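Each chain, letter by letter, is given below.
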Amino acid sequence: MSEKVSLQILLYGVVCLAILLFPLVVNDAFLLNKFSRYLVFGMLAIALSLSWGYAGILNLGQAMTFGLGSYCMAMYLKLKTVPIHTGSDGLPDFMVWNNLTELPWVWAPFHSTAFALLAGILVPALFAGLLGWFMFGGRVTGVYSAIITLAAMVVVNLIIVDQQGYTGGFNGITDLAQFDMFGFEFDAYSASTYYLVAICLTVALFVALAVTRSKTGLILQAVRDQEERVRFFGYDVALYKTFVFSVSAGIAGLAGMLYTIVMEFASPTFLGVPLSLSIVIWVAVGGRRSLLGAMLGALLVTGVQGALSESEAFLETWTLVMGGLFVLIVLLLPQGLAGAFQSLAARLQPAGKISTDKKTSPDKKTESRDSGKTAHAGETA
Amino acid sequence: MDFVVSQILTGLSLSSILLLVALGLAVIYGVTGVINLAHGEFVMLGAYGAWLLQTQFGWGLLASLVPIFILVGILGWLIEVAVIRHLYDRPLDTILATWGLGVMIQQIVRLTAGGELRYVQMPPSLSSSVNILGATDSAYRLFVLGFSLVLFALTWFVYRYTSFGLRLRAITQNRSVASCFGINSDRAYRMTFAYGAGLAGLAGALISPLKSVSPEMGTTYVVDAFMVVVLGGVQSLLGTLASSGLLGEVTGLLAYYGNDTIAKALVLLGIVIIIRFRPQGLFAPRVRA
Chain A
1 MSEKVSLQIL LYGVVCLAIL LFPLVVNDAF LLNKFSRYLV FGMLAIALSL
51 SWGYAGILNL GQAMTFGLGS YCMAMYLKLK TVPIHTGSDG LPDFMVWNNL
101 TELPWVWAPF HSTAFALLAG ILVPALFAGL LGWFMFGGRV TGVYSAIITL
151 AAMVVVNLII VDQQGYTGGF NGITDLAQFD MFGFEFDAYS ASTYYLVAIC
201 LTVALFVALA VTRSKTGLIL QAVRDQEERV RFFGYDVALY KTFVFSVSAG
251 IAGLAGMLYT IVMEFASPTF LGVPLSLSIV IWVAVGGRRS LLGAMLGALL
301 VTGVQGALSE SEAFLETWTL VMGGLFVLIV LLLPQGLAGA FQSLAARLQP
351 AGKISTDKKT SPDKKTESRD SGKTAHAGET A
Chain B
382 MDFVVSQILT GLSLSSILLL VALGLAVIYG VTGVINLAHG EFVMLGAYGA
432 WLLQTQFGWG LLASLVPIFI LVGILGWLIE VAVIRHLYDR PLDTILATWG
482 LGVMIQQIVR LTAGGELRYV QMPPSLSSSV NILGATDSAY RLFVLGFSLV
532 LFALTWFVYR YTSFGLRLRA ITQNRSVASC FGINSDRAYR MTFAYGAGLA
582 GLAGALISPL KSVSPEMGTT YVVDAFMVVV LGGVQSLLGT LASSGLLGEV
632 TGLLAYYGND TIAKALVLLG IVIIIRFRPQ GLFAPRVRA
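Sequence lines, in order, name chains A and B.
Using this note's numbering, you'd call the opening residue of the first sequence number 1 and step up by one each time.
Using this note's numbering, you'd call the opening residue of the second sequence number 382 and step up by one each time.
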């Protein structure tokens, strides 16, 4: 067992090292910016894999927490431009256009760097914590929790679009200052920003791995497979689910902050339905029950998408191909590429080892039985 | 007085569209347990069908309803055979697969019909306005309201009073036991999916003169329809009727006092709270577990 764990950590480490060493090979500012973006998506995939793959909570509103993180960073960077744009005691330009006369109280604390950085992680985590406690406390599961997460995201999106004076409305928060810290300037088109994203990604990956390896992580996996039984053992299932939901949101919030630095704006599309569903696709393609698989799935899908969208011919058909591939993966590889890889590896191992591997590898039959409708069929199968 | 009537009429008009779109979704979800995220795309296909028949072949909207119902129904049947039937024991995966299908349908339409907005003409016989208790409403909106109620009644009748409906209800209760009694549940599921898809196509055709037709139009409807079905209670058709009426009226009222966006946000928030406390839906019948 321990041999297997260290092998996994080694594998994770090698991938992270490859990502960190990437700028040594490529030194093109435009490419680095693009890859920083993909890495941010990879981080989002880790966040969803944590809640969906390990705890069975399909979050169709993952982009909500991403967007909140992104807006926190954008508010901070926007306030830094105020002295240049509208004078030392002025307001962000879009507030002036919307006839606001003083800075809204929610904006005021974002003058502080420490507050902004903490808020980018803690605001999404708290938000998800509240929503999670509200849902899981009421034993809402499966399809219903998926719908609640989706609806909650749409609500936040509608409010952001509507409150133009506070949030920039449809246009989002644009024209931001450059992020800098400890004397480092994080120009979106530089290796420093790439390193920033890559280091955060590595940290997030290993934090998530530690969570899944902990006792809490094991209980969560048990909850995913047999929620009722875990409850009968006396565990507060809602508390565990809320916890993992918040951690996932915190990682997504961090990803959102980095995305604002990379993209140099924040927009309501960051917390839209299309992005949310895209995250689900990446994770499903890569393998929801493997953090590394989910992350590589995101890099793979967005990378191929980026490459193909540059050629005129594929720009339009790409979405079509993507949709078709996705349907095929759902049908044929329910555990994604990582799952296929694992079962292939298990098959290639010497006979003696197979039995122990089967115990640890996820059981395909037990997945997604969270709908009450098929629970009976699942029990008897 | 006429203000109250016109408020109610606005709400009813919203309700009838919600009912039209949600009915097909409710039928599929209620019987098979499949969450069909491609439903919005079926609606969009119906709208494009109306546009195509009108501009290319000069058909009136009313004449094109039956062919659209049949064509989108056949498409639903094909999709069930190709994809959905493999996923009945994986309900969360149906969300993913049908979403993928939706993306494909949307892109195919965009590639063949173009991305720009299209417009469908109202039937000339229904383009006048009607006076009801001092308030005016367009005849077409009233027609849509009536049509959605007729469709609902028809579906309810089939479900409640025909032998096919009896078999469907048996399957919803317990699929394996129903199969033991010789009910062909595979065939029943297929028919249900095709019927639900056909209803979506019909909804799209009927909505098309009221809104502009675009490849993205489906996505806006599917979330709303979902909320209606969940709010009403998954296995209750009457619940779908009641909740679409409720949601339409509440949205209409809130939109009058505040603005559209906040009205929508408030309605969604209300639904989130309702699901939390009544996951079985507001109007779900009591059943023995």
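Do not rely on the hints blindly, as some may be mistaken.
[What the hints assert, rightly or not] Short, incomplete list of chain A residues facing chain B, as computed with Cβ under 10 Å:
| no. | residue |
| --- | --- |
| 1 | Gly56 |
| 2 | Val143 |
| 3 | Ala152 |
| 4 | Val155 |
| 5 | Phe186 |
| 6 | Ala340 |
| 7 | Gln342 |
[To be verified] Not close to chain A: a few residues of chain B, all C-beta gaps over 10 Å, as computed:
| no. | residue |
| --- | --- |
| 8 | Gly441 |
| 9 | Leu468 |
| 10 | Ile489 |
| 11 | Arg491 |
| 12 | Asn512 |
| 13 | Phe545 |
| 14 | Thr600 |
| 15 | Val611 |
| 16 | Val631 |
| 17 | Val653 |
[Said to hold, decoys possible] To give an idea of the interface, some chain A residues facing chain B are shown, with a C-beta separation under 8 Å as derived from the structure:
| no. | residue |
| --- | --- |
| 18 | Gly142 |
| 19 | Gly183 |
| 20 | Val230 |
| 21 | Gly234 |
| 22 | Asp236 |
| 23 | Val237 |
| 24 | Ala238 |
| 25 | Val327 |
| 26 | Leu333 |
If you're looking for bench data, these hints aren't it; they were derived computationally from the structure.
Model, not experiment: these values are computed from the prediction.
The beta-carbon is built from N, C-alpha and C at its ideal position, and this holds for glycine as well.
Hint-by-hint comparison with the structure:
1. Gly56: Interface hint status for Gly56 (chain A): holds (9 Å vs cutoff 10 Å).
2. Val143: Since the shortest Cβ distance to chain B is 6 Å, the answer is holds.
3. Ala152: Interface hint status for Ala152 (chain A): holds (6 Å vs cutoff 10 Å).
4. Val155: holds, 5 Å
5. Phe186: violated, 34 Å
6. Ala340: violated, 16 Å
7. Gln342: Nearest chain B Cβ about 19 Å off; hint violated.
8. Gly441: The assertion about Gly441 (chain B) holds, with a minimum of 33 Å to chain A.
9. Leu468: violated, 7 Å
10. Ile489: violated, 6 Å
11. Arg491: violated, 7 Å
12. Asn512: At roughly 35 Å from the nearest Cβ of chain A, Asn512 (chain B) sits farther out than 10 Å, so the non-interface label holds.
13. Phe545: Check passes; 21 Å lies beyond 10 Å.
14. Thr600: violated, 7 Å
15. Val611: violated, 6 Å
16. Val631: The claim holds: Val631 (chain B) sits with its nearest Cβ about 15 Å from chain A, beyond 10 Å.
17. Val653: violated, 5 Å
18. Gly142: Cβ of Gly142 (chain A) sits 7 Å from chain B, so the hint holds.
19. Gly183: violated, 43 Å
20. Val230: Violated. Min distance 19 Å.
21. Gly234: Violated, because the Cβ-Cβ distance from Gly234 (chain A) to chain B comes to roughly 23 Å (cut-off 8 Å).
22. Asp236: Because about 18 Å separates Asp236 (chain A) from the closest Cβ in chain B, which is outside the 8 Å limit, the hint is violated.
23. Val237: Hint violated; Val237 (chain A) Cβ to chain B Cβ min 16 Å, cut 8 Å.
24. Ala238: This interface hint is violated because 12 Å lies over the 8 Å limit.
25. Val327: Since chain B brings a Cβ to about 4 Å from Val327 (chain A), closer than 8 Å, the hint holds.
26. Leu333: At 11 Å from the nearest chain B Cβ, Leu333 (chain A) fails the 8 Å test, so the hint is violated.
Going through the hint list in order, the structure does not satisfy hints 5, 6, 7, 9, 10, 11, 14, 15, 17, 19, 20, 21, 22, 23, 24, 26.
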